[in-house]
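There are 2 protein chains.
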Amino acid sequence: MVELSISGTKILSTVLFLYLLVCLVNFPAAEARVRHYRWKVKYEYKSPDCYKKLVITINGGTPGPTIVADEGDTIIVELENNLLTENLAIHWHGIRQIGTPWFDGTEGVTQCPILPGETFKYQFVVDRPGTYLYHAHYGMQREAGLYGLIRVSPRQPEPFSYDHDRSIILNDWYHKSTYEQAAGLSSIPFVWVNEPESLLIQGKGNFNCSMVSEPGVCNTSNPDCSRYVQTVVPGQTYRLRIASLTALSALSFQIEGHNMTVVEADGHYVEPFVVQNLFIYSGETYSVLVKADQDPSRNYWITTNVVSRPNTTPAGLAVFNYYPNHPRRSPPTSPPPAPAWDDVDSRMNQSIAIKARQGHIITPPTTSDRVIVFLNTQNKINGYVRWSVNNVSFNLPHTPYLIALKENITDAFDQTPPPDGYDFLNYDIYSVQNNTNATSSNEIYRLQFNITVDIILQNANTMNKNNSETHPWHLHGHDFWVLGYGKGKFDMYKDPAKYNLVNPIMKNTVAVHPFGWTALRFRTDNPGVWAFHCHIESHFYMGMGVVFEEGIERIGDLPSSIMGCGHTKTSNPH
Amino acid sequence: MVELSISGTKILSTVLFLYLLVCLVNFPAAEARVRHYRWKVKYEYKSPDCYKKLVITINGGTPGPTIVADEGDTIIVELENNLLTENLAIHWHGIRQIGTPWFDGTEGVTQCPILPGETFKYQFVVDRPGTYLYHAHYGMQREAGLYGLIRVSPRQPEPFSYDHDRSIILNDWYHKSTYEQAAGLSSIPFVWVNEPESLLIQGKGNFNCSMVSEPGVCNTSNPDCSRYVQTVVPGQTYRLRIASLTALSALSFQIEGHNMTVVEADGHYVEPFVVQNLFIYSGETYSVLVKADQDPSRNYWITTNVVSRPNTTPAGLAVFNYYPNHPRRSPPTSPPPAPAWDDVDSRMNQSIAIKARQGHIITPPTTSDRVIVFLNTQNKINGYVRWSVNNVSFNLPHTPYLIALKENITDAFDQTPPPDGYDFLNYDIYSVQNNTNATSSNEIYRLQFNITVDIILQNANTMNKNNSETHPWHLHGHDFWVLGYGKGKFDMYKDPAKYNLVNPIMKNTVAVHPFGWTALRFRTDNPGVWAFHCHIESHFYMGMGVVFEEGIERIGDLPSSIMGCGHTKTSNPH
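Residue numbers (this note's numbering), protein chains in the order written: chain A, 813 to 1386; chain B, 813 to 1386.
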């Protein structure tokens, strides 16, 4: 990012520079290019919300560098692990990895972890334009700060216009280390991670340092936590790419006094609709168009708030700065209030409003070959609190599935097929169920190649009375059609008739709302082994995920770089 | 350890049980046995000094289980790494690993790290009786609590007698995580680990919880930090095996009102001498005989204090409990005062007093084939604070030396031989030197096989005026003769004439005192690659170490289990 300075002339030159950049982006070279990145990953003390803690940085920063590319470009990231004792893996979230399933970056699924001192080379094509993400996919490292954005520009003109293209990653932030959080989640008695201490807008938040007694730990004047400023020129239109990589929180996002027109979701064009609050779930990306059409004599608040959970996390604040006002001048008004955290209907309605844009609809197959229903429940297994899918709580194996399947290593994981459903007739999704038959397993779904699969995500009551949570489910290796949402128990006889088969949006991450269901459809057309999981860091850690295999027999030789752990550890020293 | 209960009958039965155990130990079976351990390593919340933090446990505990064996036994430890994202390696400190140099457990030197989910099988012979240690040898994990004791009983009668055999590990303890410490040490500006918050006696200390404002973090009634009690029967004699695994601190150890007769050091019998304070450095072990010959109507303090550094760390306290007094009854007196921290002479004098026991002297060769002088200095390299040996600051490579050398992988580390000395004539060890020529390197010393090598450890001023620190140097794969200690700069013409060649003690860890020197001799008779380094966790991390290779050509096939990292990562999936 070009850093904004308080000097007016510098801002002007920055704006000019950005304008030139946009021109370049709008007229890309016809030739696909190779974009080569060299990233060093290490622990450093940073104060993203003014509270000093160890974070994982890429080339000294969190968020890491934005990958900027054109449709069809090849991205090479040489990732050097400079952590002391800890391994790494990075997932390229939303990139389908067609032909390169081994570079999906999912530890235990597609690769062995990258050891300290190793340099791992990821190489893949960004075959579709849009807004994507990258982040650690190992243990709970994402939450330690290892994440960033991928912006892929189209080769064709876009169906909307704007003057400037900007990106903002939203995140929630914890002061405890990920080790402490993971140890608590794996303890008896269970220690929950609790609500985040703050919300970050483009890596910057603002914790109330008066709550910290230890000297030197929290400092509101630390430049790491200087409020994020989005400078705009009156009258111009901005494409804001809004992404969420929260560990836990569903968020709302507002720009005080400004409407936002949603035009992109997870890399797909959306039939435009206007919001004041944009609800966004972990793993999702949206593009909204915002026109700087309000009173230009002042600045405005950008706010983000936790929704869907009762919480004490203060709003994340940034400034929507009308040039030439001083970027550090606070808006004269109070930040707009947060939407009611428990207003499920508003969130459900936004979900339903997201349709594919006319002229850009990819029509789904009208029927499916296999339907899998995933009951989302919280369970106790051997005294540990876990999340489960059809009463199976997922564990990652230590030999990645991709390698085990390709090399016929049959003892690397449980070969039993996991269940395609649950006891639809008798299970009461509205009350606490004991789920005593829940088990932990690393078994996976083997899907026939080139078929159409429907997934019904069925939410239910947690282990707490009258409680059901929001889960953003993310599918690797595919985009899926979102066929429908509903409240209560999915009715397999009546609900499919209501599916939107006309203009469903395609996404890679979708929410299942409290006590509700979400229906998806996808084609098993990408040979590989793909995780499908709740994108809440602690939920996946606690078992809320599954793995799909498709077309393993069509995959070419695996690169040796992904091997070296579990059953793929070898005796050959060269 | 058998846990002491407050019930008198239980204590009596415990004492009887221990007595029987001693009888068994005194008459071991003639046959060498295999001792098989299965250890699970993970992070858990513990409160060793009443302050709750994440520690690395073995089978749920820190310190880990004591390995109890007879001379000649084979130890098998199957180590399961249950950490989430972190690798492991365990060093068997004092075990020479004759014939098994690949199981020394030194990450980067003798093996690749053990990945999460892996089970690594260590297998080695404990060929000599004595008191040894084990601990993590990867990153700074030792300090996170991964350590324990090895007690090897002799097949021959010992030259002293006692009624009971007990062990106590001393340690210093920090509340910050090892990640935080390492990040600070690798930062510009440098952030020092500071003095430890407390001292632990057999894993138990007592932090002043009134200094902690956060609720639930520090709790003096937590059983994890119940004061350690050593129960004794009046009139009986106890062999106490005292070991130190401090991260930083040199310690004194006292039993209020009792003399201690030193009889063993690092597995070698010592010509007995009596102390009130036992000075002990990280990596050392001692056996002392203590007779319960004081007023039996009361209990006595066991204390340990930091010496050799100005410090604010409170004494570590335990109770020397005369049966049948209540083990939790505090002694009526104040704990004995700590020796003056800066009394170098007393510590030097104890070092000099440690000689091999008559009848158990292993005579050193009278001459040496190679003399290497190691100047110990603190330096700045590229702005980072480092420790150096002859102005070379050591970095571990990511392909272990043992594998690189055996397999002729020549690009795994710098093949330049490091220097055998420094500028003896001109270097002023008494003042701050700028050491601007210092470099970082992973170069190693190649030693001819079956020769005699002398090492002179030469201490010097640090980067702070009038300051020189104590460094406990530990040699892997060997015991060395301690030929002498001196003050000031070693005189290569005069000092060797004063060497003790008559009855020098053999040890594996030895201190070099402030502004002093220590002279060692060893035979290069153990084919392998062996680290020699300051046992202070942060000092080794900051470069204070070297590596010796000897007889690499005599080493048989390496086990494949030690491979899998750096240049030994392979493409063969089976």
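In short, the hints are calculated from the structure, not lab data. Among the clues, some could well be false.
Remember, identical chains collapse to one label, so a pair may be satisfied in a single copy or spanning two.
Here are the simulated lysine-lysine pairs, DSBU-like style, with alpha carbons at most 30 Å apart [to be verified]:
(1) LYS865 <-> LYS1277
(2) LYS1167 <-> LYS988
(3) LYS854 <-> LYS1192
(4) LYS1167 <-> LYS1299
(5) LYS865 <-> LYS1192
(6) LYS1306 <-> LYS988
(7) LYS1192 <-> LYS852
(8) LYS1167 <-> LYS852
(9) LYS1310 <-> LYS1218
(10) LYS1310 <-> LYS852
Each hint, compared with the structure:
{"no.": "1", "hint": "LYS865 <-> LYS1277", "in the structure": "neither (36 Å within a copy, 32 Å between copies)"}
{"no.": "2", "hint": "LYS1167 <-> LYS988", "in the structure": "neither (39 Å within a copy, 50 Å between copies)"}
{"no.": "3", "hint": "LYS854 <-> LYS1192", "in the structure": "between (36 Å within a copy, 21 Å between copies)"}
{"no.": "4", "hint": "LYS1167 <-> LYS1299", "in the structure": "within (19 Å within a copy, 82 Å between copies)"}
{"no.": "5", "hint": "LYS865 <-> LYS1192", "in the structure": "between (32 Å within a copy, 25 Å between copies)"}
{"no.": "6", "hint": "LYS1306 <-> LYS988", "in the structure": "neither (46 Å within a copy, 58 Å between copies)"}
{"no.": "7", "hint": "LYS1192 <-> LYS852", "in the structure": "between (40 Å within a copy, 23 Å between copies)"}
{"no.": "8", "hint": "LYS1167 <-> LYS852", "in the structure": "neither (39 Å within a copy, 51 Å between copies)"}
{"no.": "9", "hint": "LYS1310 <-> LYS1218", "in the structure": "neither (39 Å within a copy, 68 Å between copies)"}
{"no.": "10", "hint": "LYS1310 <-> LYS852", "in the structure": "neither (49 Å within a copy, 52 Å between copies)"}
Hint check: violations occur at hints 1, 2, 6, 8, 9 and 10; the rest are consistent with the structure.
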